[in-house]
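There are 4 protein chains.
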Amino acid sequence: MLVKKFPPILKKLKRGPQVVVAKDLGAIVAYTGVGKESIVVDAGTGSGFLAIFLANICKKVVSYEIRKDFYELALENVKESGLKNIEIKNKDIFEGIDEKNVDLITLDLPNSEKVLKHAKEALKENGYVVGILPNIEQLKAFYEELKNLGFKEIFAIETFHREIMVRKEGTRPVNKEVVHTSYLCFGRK
Amino acid sequence: MLVKKFPPILKKLKRGPQVVVAKDLGAIVAYTGVGKESIVVDAGTGSGFLAIFLANICKKVVSYEIRKDFYELALENVKESGLKNIEIKNKDIFEGIDEKNVDLITLDLPNSEKVLKHAKEALKENGYVVGILPNIEQLKAFYEELKNLGFKEIFAIETFHREIMVRKEGTRPVNKEVVHTSYLCFGRK
Amino acid sequence: MLVKKFPPILKKLKRGPQVVVAKDLGAIVAYTGVGKESIVVDAGTGSGFLAIFLANICKKVVSYEIRKDFYELALENVKESGLKNIEIKNKDIFEGIDEKNVDLITLDLPNSEKVLKHAKEALKENGYVVGILPNIEQLKAFYEELKNLGFKEIFAIETFHREIMVRKEGTRPVNKEVVHTSYLCFGRK
Amino acid sequence: MLVKKFPPILKKLKRGPQVVVAKDLGAIVAYTGVGKESIVVDAGTGSGFLAIFLANICKKVVSYEIRKDFYELALENVKESGLKNIEIKNKDIFEGIDEKNVDLITLDLPNSEKVLKHAKEALKENGYVVGILPNIEQLKAFYEELKNLGFKEIFAIETFHREIMVRKEGTRPVNKEVVHTSYLCFGRK
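Protein chains in written order, with numbering that gives the first Met the number 0: chain A, 0 to 188; chain B, 0 to 188; chain C, 0 to 188; chain D, 0 to 188.
Where hints are given, some of them may not hold.
In this list, chains with the same sequence are indistinguishable; a pair is considered to hold if it fits within one copy or across any two.
What the hints assert, rightly or not - No more than 20 Å apart at the CA atoms, straight line, and that leaves these computed lysine-lysine pairs for PhoX-like: (1) Lys-151 x Lys-3; (2) Lys-83 x Lys-3; (3) Lys-116 x Lys-58; (4) Lys-58 x Lys-83; (5) Lys-167 x Lys-78; (6) Lys-11 x Lys-116; (7) Lys-3 x Lys-116; (8) Lys-3 x Lys-175; (9) Lys-88 x Lys-99; (10) Lys-90 x Lys-67; (11) Lys-151 x Lys-167; (12) Lys-113 x Lys-59; (13) Lys-78 x Lys-188; (14) Lys-78 x Lys-67; (15) Lys-113 x Lys-188; (16) Lys-88 x Lys-13; (17) Lys-35 x Lys-58; (18) Lys-59 x Lys-175; (19) Lys-119 x Lys-90; (20) Lys-99 x Lys-113; (21) Lys-175 x Lys-35; (22) Lys-188 x Lys-146; (23) Lys-10 x Lys-88; (24) Lys-59 x Lys-35; (25) Lys-167 x Lys-146; (26) Lys-151 x Lys-11.
It should be emphasised that the hints constitute simulated quantities derived from the structure, not laboratory data.
Based on the sequences and whatever the hints tell you, model everything.
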């Protein structure tokens, strides 16, 4: 199944809490257009997969994780990745975001809509926030709060990838895939 | 429809020949893991969307386009993008790839399987080639040639994105989306 | 696009209000297993497509439509279909269902969860009710009310069909399809 | 996963060889519009799921199965279903179809394109043949032969169903589904 395929930099890392998979990693980059000049804030870190994927592309990633055990795991994964431009903070993002002039904020944690007021302050003009939201109720709460806070170009998507097997016996899609991980909701300051 | 949503750097560009859309742009980055240290070769340039998207992320992109009119259009788009790390060559990639130690080669042109022998020479060890292939017959030819040439970790995918509308009248996916653009076929040297 | 393909009996009918398309017509039959012995109640009739499709399969279909204009259109379509086992009633299903020992009740109208108490009375033991529900909020209300009323084997689905073009120029899915019509929610008495 | 949900008449049957699942059962009925007056020929019988599903809807189903073990299994399943309008023949359909004036022929067996010349003879004018084809190469062979034999309204589809979970913890699609079983290819005499 495609959810098991990760880019080289993530392949050897330890997976603790649920990680963001390739189909969603790609969508975040594709719609926000972050690149090598971008400053990113991320929360919660979890296993650090999204933070490390983005740090490989962007200038700097700061990731917030309140749980000590995830924080430790993420530190280990960052070390393993060899990347030097990630900072993991063992801190509660609901209390505020220290960074300013941020290009992208990715939020993959429960009640993430409550972080949006901090996100708006931390983002630079035209910067993006992305919510990674397993349930439709979370998507709605996130979407509504983006609207309340005056974010623009708000939209939500879901992504599917399907593997195609090319074999002597015949060409066809694989039988089973993961067909839902999370909705992604984008807003722009 | 989501195929009309592009990252900021592509939004204002002119679209001549068929462009690679966000769902596929994202997948290329997500499975190959290219980043700010990566050297990319791309062909055919077309409108330059893939080249410009990747140049925003990577260190350097060289793109081959044999058609003079597309070459001119792409030059204009590169200029509009403001990026300085893209080189467009008005050259036939079927005659060879000048670059060496390349991290990623993206091929979006008919008979692209015939470029794979050049691609293998140009790639660094563990570098990726990606074919963007509208038809299943092209996918098969590309896949087979990757196998013949000894590429590893060969796999093919298709991607779908669906927009979800969150509105007072109710939350639901949009009615129509583009459900096929191209198959993507990956191989690693 | 596949939403424009209908079975022969529906092909020549007039389409007034939004009709149930083939992908959903098929799913209703496939999961409920209605057949030539089944008695069906349907509301709102709309253009009569679902009623006529089911009448071609089942023993008897009774369909409720409160709007006079839709009722007239449906009568015309039933006549055109040549089927004799459909009765269209210009009546409000929210006030009750006259029929008893029904095998399947299909509900394609706003606030359809409010019909479920009548549906439960009208259904025979093990009979099915199916809601055709454009929005997730409607799906939730319908699902919850099925639970409240003690229906069993409750589940909800969404369906996609994609056309594959087999052509000399190459085999591939069509580019655009309708990717959302309605959620279907099933419950069994 | 939705592939495990079957209509009541199939729920208790034994599954030997790969069976046609609900998403495809429904599509066959929806696009061909078979009903209680229809005569169907089916091959190979396999476990008899498609034959029994169609017999519950149609007037008569005759199903061909060359393998003795599958034939025995299907006989047992037909008996269990209680349906009287199915005939299972332990016969090779590649040698010819005994029936005439058939409304629908369903073909779920390797090299089924070689049955199409017999199918054309057996079908009544405007009758449908449907191929159930796991691989794209089979789909192409089937499609081409339909064209060669002068069938009309030829088209091919693939179907997906996704279950939506409505729960207190949140509403969302299930994580895993079967995303490929077979392509369905339709032709009309």
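Okay, the hints, checked on the actual structure:
| no. | hint | verdict |
| --- | --- | --- |
| 1 | Lys-151 x Lys-3 | between (34 Å within a copy, 17 Å between copies) |
| 2 | Lys-83 x Lys-3 | neither (26 Å within a copy, 36 Å between copies) |
| 3 | Lys-116 x Lys-58 | neither (24 Å within a copy, 34 Å between copies) |
| 4 | Lys-58 x Lys-83 | both (10 Å within a copy, 17 Å between copies) |
| 5 | Lys-167 x Lys-78 | neither (42 Å within a copy, 39 Å between copies) |
| 6 | Lys-11 x Lys-116 | neither (36 Å within a copy, 30 Å between copies) |
| 7 | Lys-3 x Lys-116 | neither (34 Å within a copy, 29 Å between copies) |
| 8 | Lys-3 x Lys-175 | both (12 Å within a copy, 13 Å between copies) |
| 9 | Lys-88 x Lys-99 | within (16 Å within a copy, 40 Å between copies) |
| 10 | Lys-90 x Lys-67 | within (9 Å within a copy, 55 Å between copies) |
| 11 | Lys-151 x Lys-167 | between (50 Å within a copy, 17 Å between copies) |
| 12 | Lys-113 x Lys-59 | neither (24 Å within a copy, 39 Å between copies) |
| 13 | Lys-78 x Lys-188 | neither (33 Å within a copy, 26 Å between copies) |
| 14 | Lys-78 x Lys-67 | within (17 Å within a copy, 47 Å between copies) |
| 15 | Lys-113 x Lys-188 | within (16 Å within a copy, 42 Å between copies) |
| 16 | Lys-88 x Lys-13 | within (19 Å within a copy, 42 Å between copies) |
| 17 | Lys-35 x Lys-58 | both (5 Å within a copy, 8 Å between copies) |
| 18 | Lys-59 x Lys-175 | neither (37 Å within a copy, 34 Å between copies) |
| 19 | Lys-119 x Lys-90 | within (19 Å within a copy, 46 Å between copies) |
| 20 | Lys-99 x Lys-113 | within (18 Å within a copy, 49 Å between copies) |
| 21 | Lys-175 x Lys-35 | neither (35 Å within a copy, 34 Å between copies) |
| 22 | Lys-188 x Lys-146 | within (11 Å within a copy, 42 Å between copies) |
| 23 | Lys-10 x Lys-88 | neither (23 Å within a copy, 34 Å between copies) |
| 24 | Lys-59 x Lys-35 | both (9 Å within a copy, 11 Å between copies) |
| 25 | Lys-167 x Lys-146 | between (52 Å within a copy, 12 Å between copies) |
| 26 | Lys-151 x Lys-11 | between (38 Å within a copy, 18 Å between copies) |
Checked against the numbered hints above, the structure violates hints 2, 3, 5, 6, 7, 12, 13, 18, 21, 23; every other hint is satisfied.
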